[in-house]
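Trainee: Heads up: the protein sequence lines correspond to chains L and V, in order. Counting in numbering that gives the first Met the number 0, the first sequence runs from 0 upward without gaps. Counting in numbering that gives the first Met the number 0, the second sequence runs from 0 upward without gaps.
Calculated from the structure, these hints are not laboratory results. Among these hints, one or two may not hold up.
As the list makes no split between identical chains, a pair holds if one copy fits it or if it spans any two.
To be verified - List time: in silico DSS-like cross-link candidates among lysine-lysine, alpha-carbon distance up to 27 Å:
id: 1; residue 1: Lys308; residue 2: Lys661
id: 2; residue 1: Lys569; residue 2: Lys28
id: 3; residue 1: Lys555; residue 2: Lys387
id: 4; residue 1: Lys585; residue 2: Lys37
id: 5; residue 1: Lys786; residue 2: Lys263
id: 6; residue 1: Lys592; residue 2: Lys387
id: 7; residue 1: Lys661; residue 2: Lys676
id: 8; residue 1: Lys344; residue 2: Lys617
id: 9; residue 1: Lys661; residue 2: Lys682
id: 10; residue 1: Lys301; residue 2: Lys125
There are 2 protein chains.
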Amino acid sequence: MNTIMIYLPIVMAIIGLLFMWIKRSWVLKQDAGDGKMKEISDYIYEGALAFLKAEYRLLAFFVVGASIVLAGLSYFVPTTHILIVVAFVFGAVFSALAGNMGMKIATKTNVRTTQAARTSLPQALKVSFSGGTVMGLGVAGLAVLGLTSFFIFFFHFFMNGTWTSAEDMTIVLETLAGFSLGAESIALFARVGGGIYTKAADVGADLVGKVEAGIPEDDPRNPATIADNVGDNVGDVAGMGADLFGSYVATVLAAMVLGNYVIKDMGGSLDDAFGGIGPILLPMAIAGFGILFSIIGTMLVKITDENAKEAQVQKALNIGNWVSIGLTAVACYFLVQYMLPANMKMEFFGEGMQDISSMRVFYATIVGLVVGAVISSVTEYYTGLGTKPVMAIVQKSSTGAGTNVIAGLATGMISTFPTVLLFAAAIWTSYALAGFYGVALAASAMMATTAMQLAIDAFGPISDNAGGIAEMSELPKEVRTRTDILDSVGNTTAATGKGFAIASAALTSLALFAAYVTFTGIDGINIFKAPVLAMLFVGGMIPVVFSALAMNSVGKAAMDMVNEVRRQFKEIPGIMEGTGKPEYAKCVDISTKAALREMMLPGILTIGFPIAVVLLGKLVYGDNNQLVAEMLGGYMAGVTVSGVLWAVFQNNAGGAWDNAKKSFEAGVMINGEMTYKGSDAHKAAVTGDTVGDPFKDTSGPSMNILIKLTCLIGLVMAPILGSGSHTIAQNATCCITTGACTSMSKEECVAKGCTNAACEHMMGAKMMHEVSKQVTIEKTNVDGAVKATVTTVANGEEDVQVFEGTDAEVQTKIDALK
Amino acid sequence: MNTIMIYLPIVMAIIGLLFMWIKRSWVLKQDAGDGKMKEISDYIYEGALAFLKAEYRLLAFFVVGASIVLAGLSYFVPTTHILIVVAFVFGAVFSALAGNMGMKIATKTNVRTTQAARTSLPQALKVSFSGGTVMGLGVAGLAVLGLTSFFIFFFHFFMNGTWTSAEDMTIVLETLAGFSLGAESIALFARVGGGIYTKAADVGADLVGKVEAGIPEDDPRNPATIADNVGDNVGDVAGMGADLFGSYVATVLAAMVLGNYVIKDMGGSLDDAFGGIGPILLPMAIAGFGILFSIIGTMLVKITDENAKEAQVQKALNIGNWVSIGLTAVACYFLVQYMLPANMKMEFFGEGMQDISSMRVFYATIVGLVVGAVISSVTEYYTGLGTKPVMAIVQKSSTGAGTNVIAGLATGMISTFPTVLLFAAAIWTSYALAGFYGVALAASAMMATTAMQLAIDAFGPISDNAGGIAEMSELPKEVRTRTDILDSVGNTTAATGKGFAIASAALTSLALFAAYVTFTGIDGINIFKAPVLAMLFVGGMIPVVFSALAMNSVGKAAMDMVNEVRRQFKEIPGIMEGTGKPEYAKCVDISTKAALREMMLPGILTIGFPIAVVLLGKLVYGDNNQLVAEMLGGYMAGVTVSGVLWAVFQNNAGGAWDNAKKSFEAGVMINGEMTYKGSDAHKAAVTGDTVGDPFKDTSGPSMNILIKLTCLIGLVMAPILGSGSHTIAQNATCCITTGACTSMSKEECVAKGCTNAACEHMMGAKMMHEVSKQVTIEKTNVDGAVKATVTTVANGEEDVQVFEGTDAEVQTKIDALK
């Protein structure tokens with residue numbers, strides 16, 4: 000076996016982490032500025048850490064609770080091994096670690112960016128983007144390291160490191176799903192909690208500071224200003240990091256599961272140079288190379304022009320991004336050719352077994368890369384400064400807040416049109432190319448450059464923070480001008496990053512959905528069954544209600560903040576004159592507590608509902624596992640379809656409102672008149688932006704996690720719903736504990752300590768696979784002319800024979816077949 | 000054959016129409032008031048008629064175009080008969096007729112209500128509700144009359160008025176679907192066009208009149224005020240009427256289709272007192288009785304107290320409503336017992352054939368009635384004056400328009416939770432009780448009292464108009480006070496009516512969806528096939544984009560209106576002093592033109608997309624009709640699930656904003672202070688209401704038609720996608736033209752002029768049904784102990800035999816089976 004390929008991703012992950020460490024050291028060595036700057040930056044750092052600590056404390060309880068549930072599951076469902084708990088805990092810890100690391104570096108980089116901006120823009124970009132790179136490589140490195148290590152461990156534990164059967168590999172991957180579940184669970188709370196935190200602080204700071212007290216944004220006299228800056232890190236850095244960490248892991252996992260089914264479709268074993276698991280290793284390899292190419296991409300992001308504007312900064316980012324995507328495409332070609340059999344067989348539901356060449360798998364990866372690129376352009380079109388839809392919102396602002404809001408909502412809604420058509424085309428094409436394995440690999444290829452995407456994404460909030468520190472430290476105006484350029488580009492990358500995140504979540508969910516169907520062994524999800532259709536409805540409703548809960552949470556948390564800021568303004572003497580010191584920590588504390596409190600209900604909704612669907616189904620249909628599994632499948636599809644729609648709608652509406660408001664800063668032409676900040680039209684635009692804030696930063700991005708986590712929970716519950724799970728379960732336990740699966744007679748199996756029944760079952764299953772034969776005879780009698788079609792299916796091969804003649808003649812021929 | 004039951008619904012429809020005529024004469028005999036009142040009322044009447052005429056002129060083109068397409072379809076797809084064109088045209092004409100009639104009476108009743116309100120409230124209620132009753136009975140009467148007459152006609156034309164086979168009945172019902180398609184197509188344009196009209200006029204009148212010129216609502220100096228009042232009739236009366244007309248027809252049709260499949264499941268024929276078509280006649284009978292009970296219900300709506308308030312008026316409506324629903328429930332019991340076999344067999348996908356007693360069908364109808372009632376309470380809870388969610392929006396208004404809008408959006412979103420759970424429970428329960436026939440009958444029972452629902456619904460806009468006329472004619476204040484009481488109750492019934500309309504649309508669509516699956520003969524819709532899943536996504540996107548288009552249309556049309564009103568204010572001398580006369584007709588014309596222009600794109604989207612899905616599917620998958628049919632099914636499911644969500648979201652958000660704004664009229668307590676109209680909080684609430692207007696009156700209600708029409712188009716296209724449609728098609732043509740289906744030898748068939756091949760095919764199909772036999776043998780060999788399961792399916796009956804022993808022994812037994 001070519002063992003290199005199984006360990007290679009680990010090596011690449013380690014290279015990524017080493018490079019991250021070097022970058023990190025470089026960033027930390029940069030000048031952190033003088034007294035006031037340092038002080039403010041420390042406040043932000045401490046606030047962010049305080050939130051993380053409080054969050055992790057709460058999540059520790061959750062992890063313990065969920066572990067107990069998983070342990071129970073593994074006790075009652077023999078195909079689920081207790082090791083899933085270990086994987087789950089590590090997944091949670093790795094995700095938390097990635098978040099922690101990213102947030103720490105982001106809060107260290109912000110002040111260094113401010114300091115660098117005192118000298119030049121190129122230097123400021125270098126510092127802030129390096130911070131983003133640390134974040135990106137940390138997330139991607141940890142994801143690949145964790146997933147690959149656990150795969151190797153389970154592969155050796157359950158299968159002794161050699162291929163036995165697709166069934167055994169299913170157990171390996173099912174256990175590995177625990178890692179993904181752990182990561183995604185943390186992501187849920189990080190995204191939702193972070194989203195609530197950032198908007199509560201933002202809205203609270205604005206409502207009392209800007210509106211009531213009339214002081215500018217980021218004014219150090221505003222007690223909520225630190226919380227606001229912490230929020231940028233908590234929501235945009237840690238939240239996005241956890242989100243993409245989860246997507247990354249889930250995508251690769253789903254592709255591995257579907258790779259295993261490719262092997263199964265090809266007769267249960269493969270003779271390749273990779274121990275027969277090439278299709279399973281491929282997604283990990285792509286992920287590993289993606290890290291390398293991201294490193295190369297990040298190195299290309301630089302500007303030299305001291306007087307550069309947004310366009311040049313954007314161009315620098317684009318170059319890095321395109322190079323890493325291009326290299327990934329090339330690597331996909333060679334990896335696919337190298338690791339996959341030139342010709343594969345895949346089962347297409349309703350279309351039978353088809354021959355698939357490895358080139359078609361490569362085309363599927365290209366589909367994924369193209370979707371990732373196009374989605375960014377589409378998002379940019381609907382939300383970018385100066386685009387037609389955004390200018391239309393600006394125009395509508397002249398007739399008041401009402402028309403502005405309608406225009407924003409309509410823009411978000413319309414934007415689902417190209418986005419969904421793109422997704423639908425991607426699903427269909429990549430499936431047509433290489434089945435659901437193609438869909439999963441499209442997602443894998445798209446996610447391969449996650450490190451680069453995150454670097455681009457994270458540099459935005461770092462620059463935003465840098466600007467805030469410049470403002471609060473009362474630095475010269477040109478510093479703020481420089482950070483503003485970076486911030487402005489960061490706003491664009493934030494919007495396109497959200498497009499990337501939802502595209503990845505959509506494809507990941509579909510891959511997980513496909514993995515779920517194969518895990519349960521059901522023959523599809525038929526929405527013509529009313530209980531399935533009912534669950535499709537219920538699933539469709541969940542993202543809507545989830546969004547509403549998140550939005551209401553922001554409102555409640557913001558109110559807490561407003562009250563606290565009002566109190567401080569009233570009670571702290573000299574606060575407005577700058578002589579009294581605001582109690583920043585209190586505001587940070589309020590945001591923290593509110594975020595943690597408010598993320599519970601959406602969390603329960605997300606995790607509780609799929610479980611409720613299964614319990615309800617079992618209650619009504621008892622042992623009809625197929626139907627219950629289809630119900631859960633219908634629910635998953637409902638959540639995914641509706642979740643994608645609401646994510647796109649909310650993200651883009653929010654982004655469009657934001658930039659419509661920003662357009663007034665440079666002035667816009669409305670009805671032939673230049674209109675600026677402070678005009679009535681601008682006030683209307685501010686109202687729209689207020690509505691858009693929770694849309695784009697809280698409820699919209701949470702949809703990603705909602706749909707992925709829903710599908711992951713389904714995947715983890717799949718073994719309970721496997722058709723005839725009980726029999727399989729007995730076999731499996733027997734297989735695992737005795738190693739009987741590979742080659743052993745019934746007597747040997749019994750001798751190993753298994754019950755007679757279990758061994759018989761298991762052997763029966765193996766035998767059945769060998770000798771099972773199904774003969775279907777269809778006779779048609781037209782006026783005495785008999786036509787018979789005899790279909791024989793044996794060992795997965797179908798043979799059709801047609802006889803015509805009189806009834807007696809045909810019967811003779813049929814009998815002769817025996 | 001008990002021929003009474005087939006003709007009875009016609010008799011009841013005629014009774015309903017007669018009663019309507021009596022009511023109409025009574026209303027027209029009422030005093031229409033003096034000069035100014037009459038003048039204004041005439042303006043409204045003429046404006047409404049002008050819109051209808053322009054609309055019908057445009058729709059005539061559409062009907063001609065669609066007829067040509069349908070004729071083409073019937074030419075190429077032999078199971079589709081050319082008569083579908085006739086049915087389609089009549090469906091369109093009947094729908095237009097119902098709308099025309101309702102609008103005429105509504106615009107005649109308004110001024111008479113004003114006049115009646117000069118004497119007393121009870122009299123005003125009597126007049127306005129009588130107008131509503133005329134509308135309700137007209138719609139229901141025409142629907143039942145048209146549908147039943149065409150059924151009888153087709154039943155005689157295709158089957159000579161006697162049962163032959165379920166296949167022949169399918170052709171009858173497929174042709175009848177044309178009637179429903181015609182009705183629903185008109186409804187699409189009436190709802191969308193009416194919705195755009197009413198909001199364009201409303202917003203336009205308010206923006207310039209109230210906001211810019213500072214004159215009150217309904218002020219005769221405002222040129223758009225007549226258009227605004229016309230809009231109430233065009234949108235709320237004609238739009239809602241066309242909507243429910245369509246639902247009514249589609250529901251009954253779908254139930255008939257599924258009744259036919261009950262007969263098929265029971266072996267292809269039934270021995271009952273109704274010529275073997277009891278299950279098909281039942282939904283029509285329920286509809287017929289529903290008309291009678293609606294008449295009884297309307298007679299109970301009256302008040303006697305001269306000083307009655309909203310509560311008493313509401314109570315009077317409730318009594319009438321509950322009595323008609325109660326009587327329908329009782330009638331359902333007896334009709335089900337009388338018309339259905341005591342025990343039926345129904346095929347449940349994935350669960351096999353089940354025995355269903357007629358009582359279970361009755362329970363399903365009760366489910367429908369309960370859903371209709373509960374949905375009203377849920378809607379009332381989220382949108383009613385003084386309810387918790389509405390008061391929460393009021394509170395949020397104090398912090399500005401942004402928070403008000405967020406709260407309103409969140410309320411609409413949260414309201415999907417109980418609504419969707421209710422629908423899901425209804426689908427599941429009624430299906431579990433009696434399959435999709437149960438779902439369709441639940442919808443039929445719910446829709447039975449359509450006449451009553453519409454009467455309650457239509458009296459609202461009539462009273463609204465009456466108030467407008469009182470204002471414009473400068474009548475004494477107490478007249479307006481009386482009409483305001485009616486108007487206020489009308490607002491509540493409008494919201495609950497919307498709940499009823501979407502509930503009916505949802506159940507209707509599901510029934511149509513089920514009918515579609517049975518028509519195409521596919522074995523379910525498997526969303527695990529990627530193309531199907533992709534279409535589920537696309538379908539889910541359509542309602543979102545449709546809503547956005549409708550909202551944008553309102554904005555554009557309102558802008559046209561604003562410009563015209565501004566122009567008149569500027570150019571007509573003395574207009575503000577009341578000496579110059581505004582050109583009302585110009586504003587009416589602008590609204591009319593804008594509505595007609597803007598309804599095109601949503602219409603094309605609705606009708607074009609399902610056709611595009613089929614074309615695309617055929618292009619890619621050629622003759623794999625099963626897959627294409629599943630793709631279209633996935634699309635239909637996506638539209639339905641997403642459409643229901645967006646309808647509920649938009650209707651309820653809009654309703655909640657509206658009443659949040661209205662709350663300020665009586666004053667509300669915010670942060671311990673009484674706050675009234677004119678306050679900042681009120682202004683914020685007005686912004687919310689502006690956003691809500693197109694939500695609740697344009698895009699929200701349009702969703703009903705979108706989902707129903709999508710499913711109907713699917714149903715009409717079903718024969719193209721039938722599995723092996725070509726063969727069936729030849730048989731069918733042969734059957735129809737020769738009557739060979741019933742009893743004829745091949746020779747006789749050929750002698751009738753059919754081709755040899757067609758006759759053979761047809762005979763073959765018949766023979767196959769008799770002799771087809773499918774034998775499935777599954778053998779398991781466990782250590783030499785062979786176990787064989789032989790399943791023989793012949794004539795729909797399954798026989799399972801199990802043999803155990805050595806291979807030879809088992810084979811002998813299997814051979815002996817022959």
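Trainee: If a hint holds in the structure, say so; if it does not, say that too.
Mentor: Checked hints:
no. : hint            : in the structure
1   : Lys308 x Lys661 : within (17 Å within a copy, 50 Å between copies)
2   : Lys569 x Lys28  : neither (42 Å within a copy, 70 Å between copies)
3   : Lys555 x Lys387 : between (35 Å within a copy, 16 Å between copies)
4   : Lys585 x Lys37  : within (20 Å within a copy, 68 Å between copies)
5   : Lys786 x Lys263 : between (35 Å within a copy, 26 Å between copies)
6   : Lys592 x Lys387 : between (41 Å within a copy, 26 Å between copies)
7   : Lys661 x Lys676 : within (9 Å within a copy, 32 Å between copies)
8   : Lys344 x Lys617 : between (35 Å within a copy, 25 Å between copies)
9   : Lys661 x Lys682 : both (11 Å within a copy, 24 Å between copies)
10  : Lys301 x Lys125 : within (7 Å within a copy, 79 Å between copies)
Violated hint: 2 only; the structure is consistent with all others.
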